[in-house]
Amino acid sequence: MDIDLNLLRPLHALLTERNVTRAGHRVGVSQPAMSAALRRLRTHYGDPLLVRSGGELQLTRLGELLLHRTAEALAAAERVLTVQGDFDPGSSTRRFTVIASDYAVAVIGAALATSLRAAPGVTVEFRQHLDNADDDPETILRDNDLVILPRGHLDGFPSADLWQDRWVCLTGDDEPADLTTRRWVAAHHGSGIPLAPVARLSETGHHIRISVLAQSHLALPMILGSSGDLVALVQQRLADQLPQGTLTVRESPFLIPDLHEAMWWHPAHHDDAGNRWLRTLVAASAPALRR
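Numbering of the sequence shown is given in this note's numbering, commencing with residue 5 and proceeding in unit increments.
Just so you know, these hints were derived from the structure itself, not from any lab.
All figures in this text were calculated on a predicted structure; none of them were measured in a lab.
There's no promise every hint is true.
Computed beta-carbon distance windows for the label pairs [to be verified]: (1) 220 with 122: 24 to 32 Å; (2) 79 with 165: 27 to 35 Å; (3) 178 with 124: 41 to 49 Å; (4) 51 with 233: 55 to 63 Å; (5) 37 with 77: 17 to 25 Å; (6) 249 with 185: 21 to 29 Å; (7) 178 with 64: 53 to 61 Å; (8) 55 with 226: 43 to 51 Å; (9) 233 with 57: 46 to 54 Å; (10) 56 with 78: 21 to 29 Å; (11) 155 with 49: 38 to 46 Å; (12) 178 with 12: 55 to 63 Å; (13) 57 with 132: 32 to 40 Å.
By construction, the Cβ of each residue, glycine as well, lies at the ideal position given by its N, Cα and C atoms.
The whole structure should be built from the sequences, with the hints applied where relevant.
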């Protein structure tokens, strides 16, 4: 099958804009040229891709599938074309993507942003942790510059330790009640399953009642408020950033192993000068490995 990669950008523009004229403006070609590209694409796929409905063009099922895949393909192509043997942060306009939880961003974000003053044209985009990172790490690592996760999630890829943390409990009061009998607030990464420290409590015979789940670590203190019957398990470094006197930090009633945060990258990025620079910057932005 003959494949014309020059059709990739027009395809993405057509599927995104759902309008031939706007798609042409997006990629800088005339309306007739874009119409010709659409005809070629329809012949190639054996599918109309865009069909008229109620006066508007709508994507077919194949068009919906291709919309996401073309975005991924263009991002991958951009990554290939921006790989450099040498990297000058002072003149570069490169955009890096890092998969990380809001907790990780809270820990290193300020220091990293300060360091980026020396690279005025560089952008570091943080994206929320993906729930399928454990299932498809190859794709996640290939399509992004770095993934920041606790040890135990990924294996078999290049990595470096960043920092260590411990788990503590937060409550809205300072009453010495048994925390195990309270309602709990927990974080999750989109699966609806509490994160490992809380999920493992039930596996070890500790039964707690989870009343609220949030797809965010930073939301947990806000949910607690001044309620006297809620408790959340959070990282000590996150608790340290809360305003003094708003919530009470307590030792966890459960024995929970410390958190070891690390960064991973795909082997294909290992010798990329820009990726090496980013890894150095993230490592320098991380707090001391041991508290």
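Verification of the supplied hints:
no.: 1; hint: 220 with 122: 24 to 32 Å; verdict: holds (31 Å)
no.: 2; hint: 79 with 165: 27 to 35 Å; verdict: holds (28 Å)
no.: 3; hint: 178 with 124: 41 to 49 Å; verdict: holds (47 Å)
no.: 4; hint: 51 with 233: 55 to 63 Å; verdict: holds (56 Å)
no.: 5; hint: 37 with 77: 17 to 25 Å; verdict: holds (21 Å)
no.: 6; hint: 249 with 185: 21 to 29 Å; verdict: holds (25 Å)
no.: 7; hint: 178 with 64: 53 to 61 Å; verdict: holds (60 Å)
no.: 8; hint: 55 with 226: 43 to 51 Å; verdict: holds (45 Å)
no.: 9; hint: 233 with 57: 46 to 54 Å; verdict: holds (52 Å)
no.: 10; hint: 56 with 78: 21 to 29 Å; verdict: holds (26 Å)
no.: 11; hint: 155 with 49: 38 to 46 Å; verdict: holds (44 Å)
no.: 12; hint: 178 with 12: 55 to 63 Å; verdict: holds (60 Å)
no.: 13; hint: 57 with 132: 32 to 40 Å; verdict: holds (33 Å)
Hint violations for this structure: none, all hints satisfied.
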